[in-house]
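Chains as they are written, first to last, in the numbering used here: chain H, 4 to 274; chain Y, 4 to 274; chain U, 7 to 308; chain G, 7 to 308.
Keep in mind the hints are simulated off the structure, nothing from the lab. Treat the hints loosely; a few may be bogus.
To be verified - Calculated lysine-lysine pairs in the DSS-like style (CA-CA distance at most 25 Å, straight line):
#, chain 1, residue 1, chain 2, residue 2
1, U, Lys90, U, Lys19
2, Y, Lys106, G, Lys55
3, Y, Lys80, Y, Lys106
4, H, Lys212, H, Lys106
5, G, Lys19, G, Lys55
6, U, Lys19, H, Lys106
Stated by the list, open to error - Listing some non-contacts, in silico: residues in chain H with all C-beta distances to chain Y over 10 Å:
#, residue
7, Arg15
8, Ala93
9, Phe156
10, Arg246
Each residue gets a CB set at the ideal place from its N, CA and C atoms; glycine is no exception.
Next come the chains, spelled out residue by residue.
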Amino acid sequence: MPPLDVPALVLRNTHLSPDYNVLHLEAPAIAAASQPGQFVMIRTAAGTDPLLRRPFSVFEVLRDAAGSPSGISVLSKRIGPGTARLYDAAAGDRLLVLGPLGKPFSLVSPPAEAWMVAGGVGLAPFATLTEALRSTGAPARLFYGGRTRADLFYLDWFASRGVTLDLATEDGSLGAHGRVTAPLDDALRARAASLPVTLYACGPEPMLKAVAGLARTYGRSSQLSTERIMGCGLGGCYSCVVRVREAGGAPHFVRSCLNGPVFNGDDLVWE
Amino acid sequence: MPPLDVPALVLRNTHLSPDYNVLHLEAPAIAAASQPGQFVMIRTAAGTDPLLRRPFSVFEVLRDAAGSPSGISVLSKRIGPGTARLYDAAAGDRLLVLGPLGKPFSLVSPPAEAWMVAGGVGLAPFATLTEALRSTGAPARLFYGGRTRADLFYLDWFASRGVTLDLATEDGSLGAHGRVTAPLDDALRARAASLPVTLYACGPEPMLKAVAGLARTYGRSSQLSTERIMGCGLGGCYSCVVRVREAGGAPHFVRSCLNGPVFNGDDLVWE
Amino acid sequence: MDLSVRIGSLVLKSPLMSASGCFGYGLEYADIVDLSSLGAVVVKGLFLKEREGHPPPRIVETPSGMLNAIGLQGIGVHRFVREKMPELRRLGAVVIVNVCGSSIDEYAEVTRILSDCEGVAAIELNISCPNIKEGGIQFGCNLASTGEVVAAVRRATALPLIPKLTPNVTSVPSFARAAEENGADAVSLVNTFLAMVIDPETRRPAISNGMGGLSGPAIRPIAVRMVYECAKQVRIPVIGMGGISSARDVLEFMIAGATAVQVGTANFVDPFIWPRLQAGIEDYMTRHGVARVADLVGTVDF
Amino acid sequence: MDLSVRIGSLVLKSPLMSASGCFGYGLEYADIVDLSSLGAVVVKGLFLKEREGHPPPRIVETPSGMLNAIGLQGIGVHRFVREKMPELRRLGAVVIVNVCGSSIDEYAEVTRILSDCEGVAAIELNISCPNIKEGGIQFGCNLASTGEVVAAVRRATALPLIPKLTPNVTSVPSFARAAEENGADAVSLVNTFLAMVIDPETRRPAISNGMGGLSGPAIRPIAVRMVYECAKQVRIPVIGMGGISSARDVLEFMIAGATAVQVGTANFVDPFIWPRLQAGIEDYMTRHGVARVADLVGTVDF
Ligand SMILES: Cc1cc2nc3c(=O)[nH]c(=O)nc-3n(C[C@H](O)[C@H](O)[C@H](O)COP(=O)(O)OP(=O)(O)OC[C@H]3O[C@@H](n4cnc5c(N)ncnc54)[C@H](O)[C@@H]3O)c2cc1C
Ligand SMILES: Cc1cc2nc3c(=O)[nH]c(=O)nc-3n(C[C@H](O)[C@H](O)[C@H](O)COP(=O)(O)OP(=O)(O)OC[C@H]3O[C@@H](n4cnc5c(N)ncnc54)[C@H](O)[C@@H]3O)c2cc1C
Ligand SMILES: Cc1cc2nc3c(=O)[nH]c(=O)nc-3n(C[C@H](O)[C@H](O)[C@H](O)COP(=O)(O)O)c2cc1C
Ligand SMILES: Cc1cc2nc3c(=O)[nH]c(=O)nc-3n(C[C@H](O)[C@H](O)[C@H](O)COP(=O)(O)O)c2cc1C
Ligand code: FES
Ligand code: FES
């Protein structure tokens with residue numbers, strides 16, 4: 004389906020912390036078309052400040068009483084003017100939402116397991132992925148790291164959907180002390196090579212790089228959701244490139260809004 | 004008192020029509036210092052769109068239960084991005100309000116009468132003037148014109164404060180049919196030369212010009228509140244000039260934010 | 007209502023074009039924009055060979071604008087002709103190709119290849135990219151070189167030739183005149199303003215290339231002035247751009263003297279802008295009793 | 007923490023100055039800004055005689071900026087010395103006067119008069135006002151004339167001499183060099199960008215003068231680039247300006263190469279900005295362990 008641009012009604016804005024919020028947006032057609040890992044471009048203000056749209060993963064697909072897709076939510080972390088406006092949005096406001104955009108995750112089926120690795124707001128694409136994996140039946144596990152316990156959200160949500168949680172905080176206030184890639188490393192080491200696993204990761208670039216390294220070390224496939232500064236989200240501006248090496252070819256830049264944001268970890272070339 | 008800049012809480016936003024609204028702003032110190040005819044510069048948005056502040060007359064001085072000044076209201080007509088933001092402001096928002104600024108009206112005392120002439124949103128400075136005139140005891144009369152009856156506001160407010168109302172609408176839906184300067188002309192003609200009157204006017208420039216002409220014709224003094232595009236409101240930019248001829252001198256430009264917005268009608272030179 | 011405008015021998019059904027580098031190769035937008043409804047699709051700058059462009063970050067937002075240094079990443083003229091043109095033809099797009107070169111020969115060579123390609127309607131000569139050393143700016147900031155490269159490319163093609171001018175000079179009209187005197191059919195302006203953003207926290211430029219080109223609404227008043235000045239000094243049509251985001255802005259440029267306009271940054275913000283721009287122009291023409299949009303060109307009362 | 011900076015023989019207690027034309031004669035702000043806390047107060051441009059300026063409308067807002075053509079309304083140097091300087095002295099302001107002229111003689115004459123006036127700390131030579139024919143732009147857009155006027159005024163004064171450069175040229179650094187070679191103690195840049203807004207509804211320019219000068223955050227990335235380029239090419243200090251609205255912006259200009267900065271348009275939006283700018287600079291210096299603000303100048307890692 005070609006992407007749509009809809010003036011989505013803000014249904015609800017839930018503040019999870021002083022930085023994090025979840026915006027519920029009315030957008031049935033975008034919701035119906037979205038696949039796990041895809042994103043939307045949101046215009047955070049009318050006028051020219053901020054000027055460009057901001058990219059956000061589709062966090063949840065909202066459903067009406069009859070179970071039909073009625074909208075999406077986005078999980079946003081406030082880091083600058085655009086996310087500040089989303090943090091301050093009020094029910095009843097309207098925001099232009101363009102999507103769904105980009106290449107989604109590929110799903111795995113049993114006996115393969117899906118191990119999701121989330122750093123901070125990198126949790127965003129994994130709610131829809133979890134829902135989709137339930138339909139394939141692939142067991143899901145979430146490695147989820149943050150600065151401190153107050154930065155880890157939706158734990159019950161994932162647990163109640165049968166996702167095994169492996170948590171890590173940099174201050175040790177919840178789960179393992181340190182980076183989330185440490186428990187991931189342990190778990191990969193512990194898993195028999197004969198049992199298939201696919202890694203799904205979203206988070207800061209150093210984390211993605213570490214996950215790609217672990218995947219290579221343990222011979223696992225990985226799907227990494229990259230976050231580049233995006234001017235358009237549609238392939239028009241060439242701002243969002245990542246370097247990839249495709250079968251046999253030399254490394255070259257491809258647009259992460261069109262060819263990604265999800266890439267095979269083996270293809271990505273880190274500078 | 005030097006002007007203050009306060010992040011004023013929006014206490015209430017009353018929509019009077021699809022264009023007009025009244026914003027109640029918490030700003031005790033500005034309220035306490037304001038005199039009739041003065042204005043404030045409001046920053047209608049954080050960020051750079053719109054960039055410059057917008058000038059607004061102090062409409063009412065709000066008072067708390069004890070009668071102390073607690074804030075001001077502004078009467079705003081939506082004509083562009085700045086006034087649109089004020090129209091959409093919600094209770095609980097904060098707006099930077101700089102003031103009070105400019106030269107106020109001079110008050111008259113009985114037996115002189117104060118005849119106020121308002122065109123559209125030019126009504127704004129006359130609520131505070133009415134209050135002040137009540138303390139001098141000068142009889143007040145309001146000539147008030149608008150496009151149509153739905154564009155005339157606060158009629159009861161003025162009537163209940165003993166102000167005689169002379170209304171005019173361009174479509175004839177209320178009061179005289181046509182411009183407000185017609186009933187003013189009639190009233191001036193009817194008034195004995197020996198009975199003193201001062202004209203106070205605020206509204207579109209052609210109306211001000213007509214009032215100045217009538218004042219001259221009938222030998223009355225006039226105080227006109229001008230509206231020029233203002234960059235700063237403090238004398239810094241020289242954008243807001245009007246041409247005046249001061250006693251004996253040649254016409255020259257003076258800053259209406261410092262030397263006005265209220266001018267003696269005889270001094271203004273119209274291009 | 008007649009929205010058509012004429013650029014040299016080319017009659018366009020509307021004055022609205024995509025700006026080069028802001029609309030990919032056009033096909034990226036094919037499923038949301040009817041490419042045949044645009045006056046022309048101006049595609050991304052092409053060299054003879056493929057180019058990698060600069061490493062990211064390539065853009066940064068600025069007040070009412072953006073800075074970019076993409077570095078002219080592109081697939082080269084041969085792959086463009088082979089891989090993109092057939093579909094662009096099928097979709098009925100009027101294609102204008104933005105031609106880059108590191109030498110006069112390269113400009114001429116790329117232009118020759120495109121002139122042999124069915125469906126290429128005109129050549130926009132990019133002598134004004136501020137972001138790469140060989141991006142043409144060495145031609146576009148020097149009057150004699152501008153004349154030379156325009157003359158050379160003129161000899162290489164019968165297609166309408168539209169040198170794209172840089173705003174980073176004292177007198178844009180002299181460059182417009184140099185282009186006209188050397189056979190250009192029109193000029194387009196402005197390309198981006200050379201600019202820089204430094205992050206004080208890191209003390210490093212915000213984009214990898216250090217400097218980049220400023221575009222978007224921020225630059226509009228400067229671009230309008232340059233279009234006005236150029237339109238007064240040349241007889242060939244001026245294609246105006248720089249921050250156009252609404253029908254009002256299109257009309258402002260045309261009234262200033264632009265025969266047609268291009269929309270760049272605003273297409274990023276709002277890819278569904280095209281029918282709205284057209285509707286806004288038509289609404290204006292109705293309100294003001296203007297039968298042909300071309301009648302508005304250069305009508306500023308000043 | 008040491009916020010002092012040096013401009014020629016002048017040591018300023020802070021790098022923050024008001025920009026000419028954006029702060030009246032300083033006294034307008036005396037009851038809300040401690041004038042003695044600023045590095046310097048740069049006052050409105052002065053000719054020998056009084057000037058009326060252009061008829062209103064004189065300004066129009068643009069995306070993240072504003073266009074102005076005030077036309078240098080002013081009281082002339084004699085009244086300034088008589089009516090404004092005593093109070094400015096009393097308030098402890100370090101006063102820099104922006105000097106205008108329609109001829110080299112006028113520049114020199116105004117400068118001589120100011121040099122005899124106690125309390126004038128430096129001369130900013132306005133050879134870059136885009137808004138009036140005799141506003142100096144005929145000097146500021148030509149290298150030879152820039153050299154000539156700077157040299158003439160140099161002979162007329164022992165005060166620090168700061169030519170103010172226009173951004174409306176291909177190479178600002180060549181003008182900075184011309185100023186340096188002819189005895190300037192510093193250069194300040196940028197003045198406003200020549201620009202234009204047309205109202206399509208009336209087809210007339212939005213301001214009476216037709217064209218005007220663009221200022222404000224919109225131009226900041228271009229101004230930063232020009233300051234960076236000039237600072238690399240001259241040994242005298244560069245005073246940077248153009249859209250500065252926050253401590254972050256002050257730091258960006260200083261890191262790009264500015265020894266001091268001026269704030270214009272932002273003072274309109276927020277006349278209480280000055281102590282906040284200073285606090286923001288101090289906060290940055292604390293966080294980054296910078297003892298002297300002068301150590302930041304030109305430290306961009308590029
Ligand atoms: C495909 C994709 C999905 C994303 N999903 C989410 C999500 O679900 N929740 C969420 O909170 N954030 C997400 N991000 C990051 C989010 O887009 C940025 O945090 C946001 O754009 C910052 O805007 P700002 O104005 O608040 O901050 P600023 O830092 O002022 O932004 C300035 C510019 O930098 C860009 N930028 C800054 N940080 C990032 C970043 N990490 N990634 C990409 N661009 C950045 C902005 O888009 C903007 O152009 C995603 C990014 C991408 C590319
Ligand atoms: C001393 C003074 C008192 C005023 N009091 C009131 C009031 O009480 N209520 C009210 O509704 N309006 C009042 N105005 C007019 C009000 O300032 C403008 O309507 C408002 O600035 C328009 O801003 P905008 O962004 O909505 O419209 P835009 O038209 O987009 O404004 C663009 C620019 O033009 C200026 N501008 C536009 N119209 C006017 C105007 N009539 N007068 C001055 N500047 C203008 C704006 O300030 C801004 O710089 C007053 C103006 C002045 C000078
Ligand atoms: C991301 C980006 C890439 C661009 N690439 C090109 C290009 O390849 N060739 C070219 O001539 N201009 C290029 N430009 C300049 C635009 O075509 C246009 O001249 C400029 O952006 C001003 O218009 P705007 O303000 O509408 O964007 C590019 C601009 C942007 C923002
Ligand atoms: C209203 C206005 C009046 C100005 N008057 C002068 C002037 O008299 N002399 C001068 O050299 N610059 C003048 N300028 C230019 C400013 O000093 C400054 O160079 C420019 O505005 C860029 O800085 P800013 O973006 O911080 O405003 C004026 C600018 C404005 C906005
Ligand atoms: S964001 Fe514009 S090409 Fe990817
Ligand atoms: S509004 Fe700036 S001087 Fe009056």
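query: Taking each numbered hint in turn, which are not upheld by the structure, reported in ascending numerical order?
result: 2, 5, 6 and 8
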